[in-house]
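Engineer: Generate coordinates for the entire structure from the input sequences, incorporating the hints supplied.
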Amino acid sequence: MRKALILIILPHLLSCVREFNPVIIGTDETYLAGEGVFILNEGNFRSGNGSLSFYSYDSLKMFDNVFQDKNNRPLGDVPYSMGMDGGKAYILVNNSGKIEVAGWNDMKSITTIKKIVSPRYISFIGGTKAYVTSLYSDSVTILDLTANSVSGFIDLKKSSEAIVTLSTRAYAASWAGGNKVMVINAMTDEVIDSIEVGMEPESMVIDKNGTLWVLCNGGWKRENFAELIAINTRTNSTDKRFTFPAVTDSPTCLQIDDSGATLFYLLNGVRRMEIDASALSTEVFISEQNHVFYRMGVNPSNGEIFITDAGDYVQKGKVIRYSNEGVFISEMTADIIPGNLYFKINPDPNTE
Amino acid sequence: MLISFHLQGQIPLRDESILIGEVEIRAKSARHDYIGFKASHIDSSIILNYYQRTLADLISENSVIHIKTYGSGGLASPSFRGTGPGHTQITWNDINLNNPMVGQFDLSLVPAGFIDDVNIYYGGGSMGIHSGGFGGVINLETNPGWDDRELVYLNPAMGSFGRISGLVKVKAGSKDFHSVTKAFLRNSDNNFRYINSVSGPTPLLETRENSEVRQKGFIQEFYFRNSTSNISARMWYQSAARNLPVPIISPAMDPPEKQFDESLRAMLEYGSVRGITGLNATAAFISDRLNYTNRLASVDSRNLSKRIILKGRIERMINSMLRLELSLNDELNIINTNNYADLKSRNLFSADAVAEADLTHWLGGMILVRELVQDKRFLMPDFSAGTEIRPFREKYYFIRASFSKNSKIPTLNDMYWSPGGNPGLKNETGYSSEITWEMTSFPSGSLKIRNDFTIFRNNIKNMIQWHPGEYSYWEAANIGNIITSGLESGLDISYTLREFNASLNAGYSYTKAANAGQEAENTALYGKQLVYIPANNFNAVLRLNWHQFYSAISTGYTGKRYLTADNSQYLPPYSVSDLIFGTKLNTGHASFGLNMIIENIFNVSYQNIAYYPMPGRSFLVSIVFQLKK
Chain A
489 MRKALILIIL PHLLSCVREF NPVIIGTDET YLAGEGVFIL NEGNFRSGNG SLSFYSYDSL
549 KMFDNVFQDK NNRPLGDVPY SMGMDGGKAY ILVNNSGKIE VAGWNDMKSI TTIKKIVSPR
609 YISFIGGTKA YVTSLYSDSV TILDLTANSV SGFIDLKKSS EAIVTLSTRA YAASWAGGNK
669 VMVINAMTDE VIDSIEVGME PESMVIDKNG TLWVLCNGGW KRENFAELIA INTRTNSTDK
729 RFTFPAVTDS PTCLQIDDSG ATLFYLLNGV RRMEIDASAL STEVFISEQN HVFYRMGVNP
789 SNGEIFITDA GDYVQKGKVI RYSNEGVFIS EMTADIIPGN LYFKINPDPN TE
Chain U
53 MLISFHLQGQ IPLRDESILI GEVEIRAKSA RHDYIGFKAS HIDSSIILNY YQRTLADLIS
113 ENSVIHIKTY GSGGLASPSF RGTGPGHTQI TWNDINLNNP MVGQFDLSLV PAGFIDDVNI
173 YYGGGSMGIH SGGFGGVINL ETNPGWDDRE LVYLNPAMGS FGRISGLVKV KAGSKDFHSV
233 TKAFLRNSDN NFRYINSVSG PTPLLETREN SEVRQKGFIQ EFYFRNSTSN ISARMWYQSA
293 ARNLPVPIIS PAMDPPEKQF DESLRAMLEY GSVRGITGLN ATAAFISDRL NYTNRLASVD
353 SRNLSKRIIL KGRIERMINS MLRLELSLND ELNIINTNNY ADLKSRNLFS ADAVAEADLT
413 HWLGGMILVR ELVQDKRFLM PDFSAGTEIR PFREKYYFIR ASFSKNSKIP TLNDMYWSPG
473 GNPGLKNETG YSSEITWEMT SFPSGSLKIR NDFTIFRNNI KNMIQWHPGE YSYWEAANIG
533 NIITSGLESG LDISYTLREF NASLNAGYSY TKAANAGQEA ENTALYGKQL VYIPANNFNA
593 VLRLNWHQFY SAISTGYTGK RYLTADNSQY LPPYSVSDLI FGTKLNTGHA SFGLNMIIEN
653 IFNVSYQNIA YYPMPGRSFL VSIVFQLKK
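These protein sequence lines are chains A and U, in that order. FYI, my numbering numbers position 119 of the first sequence as 607, with every residue one higher than the one before it. FYI, my numbering numbers position 286 of the second sequence as 338, with every residue one higher than the one before it.
Rather than coming from a laboratory, the hints here were simulated on the basis of the structure. It is possible that some hints are incorrect.
Claimed, not checked - Here are the simulated EDC-like pairs of lysine to aspartate or glutamate, each with C-alpha atoms no more than 16 Å apart in a straight line:
{"id": "1", "chain 1": "A", "residue 1": "K645", "chain 2": "A", "residue 2": "D695"}
{"id": "2", "chain 1": "A", "residue 1": "K603", "chain 2": "U", "residue 2": "E202"}
{"id": "3", "chain 1": "U", "residue 1": "K680", "chain 2": "U", "residue 2": "D199"}
{"id": "4", "chain 1": "A", "residue 1": "K602", "chain 2": "U", "residue 2": "E258"}
{"id": "5", "chain 1": "A", "residue 1": "K806", "chain 2": "U", "residue 2": "D618"}
{"id": "6", "chain 1": "U", "residue 1": "K358", "chain 2": "U", "residue 2": "E314"}
{"id": "7", "chain 1": "U", "residue 1": "K447", "chain 2": "U", "residue 2": "E490"}
{"id": "8", "chain 1": "A", "residue 1": "K603", "chain 2": "U", "residue 2": "D306"}
{"id": "9", "chain 1": "A", "residue 1": "K728", "chain 2": "A", "residue 2": "E762"}
{"id": "10", "chain 1": "U", "residue 1": "K636", "chain 2": "U", "residue 2": "E202"}
{"id": "11", "chain 1": "A", "residue 1": "K804", "chain 2": "U", "residue 2": "D618"}
{"id": "12", "chain 1": "A", "residue 1": "K728", "chain 2": "A", "residue 2": "D677"}
{"id": "13", "chain 1": "A", "residue 1": "K602", "chain 2": "U", "residue 2": "E551"}
{"id": "14", "chain 1": "A", "residue 1": "K709", "chain 2": "U", "residue 2": "E527"}
Stated by the list, open to error - Ranges between beta-carbon positions, derived for each pair:
{"id": "15", "chain 1": "U", "residue 1": "H519", "chain 2": "A", "residue 2": "P733", "range": "24 to 32 Å"}
{"id": "16", "chain 1": "U", "residue 1": "R341", "chain 2": "A", "residue 2": "A749", "range": "19 to 27 Å"}
{"id": "17", "chain 1": "U", "residue 1": "D427", "chain 2": "A", "residue 2": "A749", "range": "53 to 61 Å"}
{"id": "18", "chain 1": "A", "residue 1": "L548", "chain 2": "U", "residue 2": "A293", "range": "26 to 34 Å"}
In this text, a Cβ means the ideal position worked out from N, Cα and C, and glycines have one as well.
Structural biologist: Structure representation (C-alpha cells):
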C-alpha cells in the first residue's frame, strides 16, 4: 500500500518542477540600441509560438525571442507586422487581436492595446494617430497614439490589408477576395474614394513622384492574372497597368528602395524594376536557388535586401542578406515562419 | 478443447481456463486476442465509474494511450505508441467509426456509459478488426448482457461549470430476446476560471468563454438468440453542438466558432455456430455530419459522409490445433462537402485469411494475410504474424512476439480537400514489431498479481503530411518517414478479503517518436521527438470497495510535450488526480446510489495543448436509481 501511495504522490511532486516557459536565448542588454532588422516570426497558426528576432548590425548576430526575453511572456499568435512612431514600436499580433506597444530601443512593454480584430498593418498619421487594417473586420481601426487606445473606426465595408499614407490621405487595399483600394481623408477619417485595381491587392508602395504602386497577386484560385498597377494619387486614376504573363504567376511583397525609384517584388526570386520601366521585369534579380522566398525588406539606409525563407513552416526559417546589387552576404537562422521585416535605423526618423 | 457458442459467433481456439486452487482465469475472453499480440480490456465494472464521463476520460485513466485534448468538451484524439490520431482506429463492434474525411474520431463525443466493454488491440494485433491502425484499434463493444438482472438504470448528475447531464438505460425482454435502450444528455458551460499570464503585462484571472457544449444521444439495440445463432440490430444516434474556444493568446471571438457533429450509425449482425464452423455477417450504415462556422472569417464548412459497410467472416476448426478464418469486408464512402470540387466516393474491399494454431502446450502462432482493393486497384498485400510461448506449463506466463505490415489509406480530405488535396497520394505503410512478457500469479487465494512488459517499434513510411505548396496554400504529400519505439509496462494487483476488495491498476509507457529516413537526415528535425508526443506517460487507479461503499483514486502523469519540431519549446509535465466515491443501498428489486466525482483534486493548473487551459478542481454529483429483476 505504501508503494502504491508513492506511485500516486510522486507524479505530483515531479509536476511542480517548472512552469510553461518556452526556450529563451540569452542576450546582452544593449544590442537593441544599435541598428538592425526586426524579423516578425509568425509561428504556427494558433500555436502561440510567434516571436520577434533582431539581427544586429553591430554584432552581426541574430537574437531570437526578443520580446519574450525582455518581458517574460510570449509575444502571441502570428505577429504579423510592426511600425514605429515616437520612440515606440507597435507590433501587430494578428491572431491574438492585439498590438503590443514597446520601447523602440529596449522592447520593454509599455502597454497592450487589446480587442483589435485581426490586425494586419499600421500606418501613422502625423504623430498623433494611426490606422490599423484588418483581415476580418470591415473597418480600419483608428488609434490614439497619445493614449495608446482605440479612438474610432472607419467603415470600409470590406476587409483591408496593406495601407500607406501620403500627406493627408491614406490608401487601404482590400486584399482578401477584393479588388479595390480605398482612399481615406486622414483629416476627417472618412472614405472619400475607391480605386478599382486587380484581384487581391497584396502590397503597396509610394514612389518618389507620389505615385501609388499596387501589386495585385490575382487571388489564390488562380482565376485572374496578377497585375502591377501605378495610380496617380492626385487624380486617383490608373497611370500604368502591367499584367503578369501567366495566370499561375503569384507575385508578392512589393518594396521600394530609399530613393523611391526602384521597385522590388517576389516572383520565383526577387525581381527589380525601375518605376519608369515600360514592361515588367523578365529577369530574376536574385534567384531563390535552394530557398523559397517568403517575405522581403529593403533597408532604407543602405539598400541591402533581406529575404526570409519559411522553409517547411514547421522548423526555424532563414533570413538571407544581400547587398543592394543582389550579392549574397550572409544567411542566418531566425524562428518559425520568419515573415515581415522592419529596419531599425538610428536615429529614429519618426522621433521628434 | 471446448467449442463453445460465443454471442458474436466467434469460436475460441482454445479455452484458456487454468484452475489454480479455486480461481479461474479466462484469458481469451475478448474476440480478437490473436496469439502473439498484446491486447488489454476495460470491462463494465471499471466503466461503471465513468458513466458520466467521456470515453477520453476512461481511456486516458485506464491505459497508457495519450489523449490529446483541447479541454472539456473539446476535440479529444488518441495518440497510440507515438502515432497520430489517424493511426488509431476506433471501432464499434468491429465497425470502423473513424471519419473517412479526417481519418480520426473524437473521443469526447462518446459518453462512457454508452459502452459496455472497451478492448484495446495494440500494433499489428489490430489487423484482425481493421487496417491502418499502426498504433492500434480501440474496439467499443455494446452487448445484450443476457445474464444482467438490471431493468432500469437512471443516473442524473449536476456539477461545476454549468454541468447537467443524465444517463438512462432500459433493458427488457425474455431469455432469448433483449431490447437495450440507452439515452444520454449533457449540457456544460465550461466557464471555469484560469489565470492568463501570457496576453498582457499583468496576469489576469479570466473566465473561459465560448466553450459551451450541448450533447445528446441514444442507442437502441435488439438481440435475438437461439441454440445456434444470434441476430442483433443496433442503432446509435448522437449530436453535439459546441462553441470552439480559442487559445488564450487570442481574444474570444464574437461570434464564436461553432461546430455541430451529428452521427447516425445502424448495424445488423448475424452470427451462428454449427459444429466446428462459425459464421458472422454484418451490414452497417454510418452517417457523419460535421458543420463548422466561423462568421468572422466567412467560413461555413458543411460536411456529410455516408458509409455502407459489409463484413462477413467464416471460421472453422480444422483439428484440435488449427483454426482457419476467412473474412471479406467492403466499405463504400460517399462524401458531400462544400470543401471538395464535387461529390466524391471511394470503395475499399479487403479479404483476410487467418490461420491460428496451438502447436504444443507451450507454443502457438498465427498468421494473417490481407489483400486490399481500393476502388478497382489491387494494393500490395499486408500481413501479420505472431507467436506465443508459455515457458512454464503450470504458470500463467507468456512471451509474445509479432511482426506486421499494415497499410493506411489516405483520408478523403488528404485526397480531395480544395485547395491542397492530392488524389495521387500513396498509402502509408507501417512495419510494426513487438515483444511482450506477461505473467499472472496468485500468491494466495485472495491476491492476484498480473504484470506485463512490452517493447515495440513502428516504422511508418510514406507519411502523409501537409506542407506549403507553390501557390501559398498547403498541399498533402507523402514526404516523411517516422519511427516510433518504446516500452509499455502494466501492473494489476487485486486483493479480496470477505466484503473488502482493493485493486491497483498501473501503467507506464516510454515512447520515442521521431522523423527518420533520408528526407529528414540532413535537417534539424532528424531524431527530434514529434510534437505533442510525450515520452513518458504513467497512470494508476486504486479502487477500494467495502460493503456498499466504493471509491477510486486515479492519477495520471503526462510527460513533457514538445511544441515545436526542433524541440526548442515544450509544455512541462503535469499530473492530475481524480477521486470517485459513493455508496449504494439495496432495497428489494431497487437500489439507490449516491456518487461524487472530484476531478483534478489538487487543483493543478496545466495545459494539455498549449494555451488551452484545463479546468481546475471540479465536482460532479450524481444519483443512481436501479431497478432489477
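Engineer: Could you run down the list of hints and mark each one as holding or not?
Structural biologist: Each hint tested on the structure:
no. : hint                         : verdict
1   : A/K645 to A/D695             : 28 Å, violated
2   : A/K603 to U/E202             : 55 Å, violated
3   : U/K680 to U/D199             : 12 Å, holds
4   : A/K602 to U/E258             : 15 Å, holds
5   : A/K806 to U/D618             : 14 Å, holds
6   : U/K358 to U/E314             : 12 Å, holds
7   : U/K447 to U/E490             : 11 Å, holds
8   : A/K603 to U/D306             : 11 Å, holds
9   : A/K728 to A/E762             : 13 Å, holds
10  : U/K636 to U/E202             : 14 Å, holds
11  : A/K804 to U/D618             : 8 Å, holds
12  : A/K728 to A/D677             : 28 Å, violated
13  : A/K602 to U/E551             : 61 Å, violated
14  : A/K709 to U/E527             : 14 Å, holds
15  : U/H519 to A/P733: 24 to 32 Å : 27 Å, holds
16  : U/R341 to A/A749: 19 to 27 Å : 58 Å, violated
17  : U/D427 to A/A749: 53 to 61 Å : 59 Å, holds
18  : A/L548 to U/A293: 26 to 34 Å : 56 Å, violated
The structure shown violates the earlier hints numbered 1, 2, 12, 13, 16 and 18.
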